[in-house]
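Chemist: Here is what each chain is made of, one letter per residue.
Protein chains: 2
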Amino acid sequence: MDYTQRINQCLDKVLSNQGSLTEAMRYSVLCGGKRFRPILTYTVADTFGANLDQVDSSACAVELIHAYSLIHDDLPAMDDDDIRHNQPACHKRFGEAQAILTGDGLQALAFEVLASDNQLSAVVRIDMLQALTQAAFEMAEGQSIDLGVVSKIIDVNTLKDMHQKKTGALLSCAVKMGALISDCNAKDSQALMHFAKNIGLAYQIQDDVLDVLTPEEVLGKKQNSDAEKNKPTYPALLGLEASKVEYENLYRQARNNLQALSVDTEKLQALTQKLQSRRF
Amino acid sequence: MDYTQRINQCLDKVLSNQGSLTEAMRYSVLCGGKRFRPILTYTVADTFGANLDQVDSSACAVELIHAYSLIHDDLPAMDDDDIRHNQPACHKRFGEAQAILTGDGLQALAFEVLASDNQLSAVVRIDMLQALTQAAFEMAEGQSIDLGVVSKIIDVNTLKDMHQKKTGALLSCAVKMGALISDCNAKDSQALMHFAKNIGLAYQIQDDVLDVLTPEEVLGKKQNSDAEKNKPTYPALLGLEASKVEYENLYRQARNNLQALSVDTEKLQALTQKLQSRRF
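One line per chain: the protein sequences are A and B, in this order. For the first sequence, our numbering gives the first residue as -1, with consecutive numbering after it. For the second sequence, our numbering gives the first residue as -1, with consecutive numbering after it.
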């Protein structure tokens, strides 16, 4: 079973008993998505020989945080996107109020899943919860900055900081959780953090580029929506070609970071390659 | 220093470093509020002789969850209330998008504050986080049920279940966290849970009654707003007098629950009395 099947099965199991919110949660979480964050957690943990049964809760938790953020980002008051994963966004299907509450409930559930995993020691769970709560906070703050700079001219460092919070923090956290389960040494852990930071930023710049280049049916959401909303993006600031060069450089650096690890990095190298060549 | 001063100082300290969300968070959290939930946590912990320095994080966490829920509840898509604590609601002051994100960030921050309290063992923190994440989830679910039954005729048991989730879960959690810090025995813990359940429901029925009876300037929000929104409430279902009898009975039961405790319950009795006689 590959990581995607594994996370989908775990999410399906977790999302079965949420009362009046179950339907909207299942609709929004199980409809698809690349599952890149949990795959990252699994791949890091697997690379260091962890028991994957102990990784399921953190993989689910990070994906549930991601899913909640998409539901809230799509709201009319936020990015106002009607389509997500090739289906009506949560608020189009269930109404705005239920979409807000579905996101709120998913955030609580993410932390609950992690806090309740008796397979992990309390110390490991606390370390992971510290990482995930901080990342979830930064993500909200990044989105807040993003909405604050619409139609404004900002420099590339401000954009980078915003991207780091909005997308990078949760990606880095996905890597960190894989490292925390594996109990890897300090040197490996540090190399992984550099790796995480580089792919986190690369991923978001690439998202900006794909938003411009990819047709709606492949993207699963509206094409060129950033520009239409006057959002500052890498392509808008640096141009399309320079943005491509930028994210390819970051992926290269990320692959270099992996070479510093004391273990076989084949799976992480392959994942990085797969990310770099993604089309949506 | 009384508990209200203590929690206000703690919240003031916690809310100082949230980047672009700091201002909206301080505006919404520090503007007032009865602080009943953290006071409950302090009072329970104090009753069992806990060191109050170890109670600050859970007291803050429970109040931050409460504060986030008020911000989201007030949104136009939800209860659409413009006034909260005698000032414009968060979304009126900062816009809907920032209000959503302020709530989202406060939820993450609540769990982070608790997860990061090094004065507490990892085991105690995990027990508390399990309780608080579950309560936060139930609160969102309760609000989801509430919005789903607007203008519908429901029976008193459905209303009770909804109130238990919407308000009771977090109140019970506030008591539970006080008990968890104090490491009180199983018998005391059970009596406290009965106490918590009774005041949780009493508090919400009383809220329904006060919503009808209390003028806006005392309530700090719009009077009679439940009825205007066709929300099912105890007064609507049972009548005003029967609702009063109901919540007074529940407070009486709560005081009886306290008599089963093995410690001096003077502070908890006084708090229950104070709650029962509140005007808003």
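Among the hints, erroneous ones may be present.
[To be verified] With a Cα cut of at most 20 Å, we get these calculated SDA-like pairs of lysine to any residue:
# : chain 1 : residue 1 : chain 2 : residue 2
1 : B       : 90        : A       : 277
2 : B       : 229       : A       : 119
3 : A       : 150       : B       : 93
4 : A       : 220       : A       : 277
5 : B       : 227       : A       : 93
6 : B       : 90        : A       : 90
7 : A       : 90        : B       : 195
8 : B       : 195       : B       : 184
[Claimed, not checked] Which bits of chain A does chain B cover? Going by a derived footprint, with three or more residues having C-beta under 8 Å, they are:
#  : region
9  : 10 to 18
10 : 45 to 51
11 : 90 to 97
12 : 107 to 115
13 : 235 to 249
14 : 260 to 268
Honestly, the hints are just simulated from the structure, not real lab data. Ideal Cβ placement from N, Cα and C applies to all residues, glycine included.
Chemist: Evaluate each hint against the coordinates.
Modeler: Hints, one by one, checked against the model:
Note on residue 90 of chain B and residue 277 of chain A: the hinted pairing is violated, with a Cα-Cα distance of about 40 Å set against a maximum of 20 Å. At roughly 44 Å between alpha-carbon atoms, residue 229 of chain B and residue 119 of chain A are farther apart than 20 Å, so this suggested pair is violated. This hinted pair checks out: residue 150 of chain A and residue 93 of chain B have alpha carbons roughly 18 Å apart, not beyond 20 Å. Only pairs whose Cα atoms come within 20 Å are accepted, and residue 220 of chain A paired with residue 277 of chain A is accepted, the gap being roughly 15 Å.
Straight-line distance between C-alpha atoms of residue 227 of chain B and residue 93 of chain A comes to about 17 Å, which keeps the hinted pair within the 20 Å bound. Restraint check for residue 90 of chain B and residue 90 of chain A: not satisfied, since their Cα atoms lie roughly 24 Å apart, outside the 20 Å limit. A hinted pair counts as satisfied when its Cα atoms are at most 20 Å apart, and residue 90 of chain A with residue 195 of chain B does not qualify at roughly 36 Å. In summary, the hint linking residue 195 of chain B to residue 184 of chain B is supported, as the alpha carbons are separated by about 17 Å, within the 20 Å threshold.
Using a Cβ-Cβ cut-off of 8 Å, 3 residues of the region 10 to 18 of chain A lie near chain B, which meets the minimum of three, so the contact claim holds. Beta-carbon proximity to chain B at under 8 Å applies to 0 residues in the region 45 to 51 of chain A; the threshold of 3 is not reached and the given coverage is violated. For a cut-off of 8 Å, the count of residues in the region 90 to 97 of chain A with a CB near a CB of chain B stands at 4, and the three-residue condition holds. With a threshold of 8 Å between beta carbons, the proposed coverage of the region 107 to 115 of chain A by chain B holds, since 5 of its residues qualify and at least three are required.
Coverage of the region 235 to 249 of chain A by chain B is violated [criterion: at least 3 residues with CB-CB distance below 8 Å; count 0]. By the rule of at least three residues with a Cβ nearer than 8 Å to a Cβ of chain B, the coverage given for the region 260 to 268 of chain A is violated, with 0 such residues.
Taken one by one, the earlier hints fail for this structure at numbers 1, 2, 6, 7, 10, 13 and 14, listed in ascending order.
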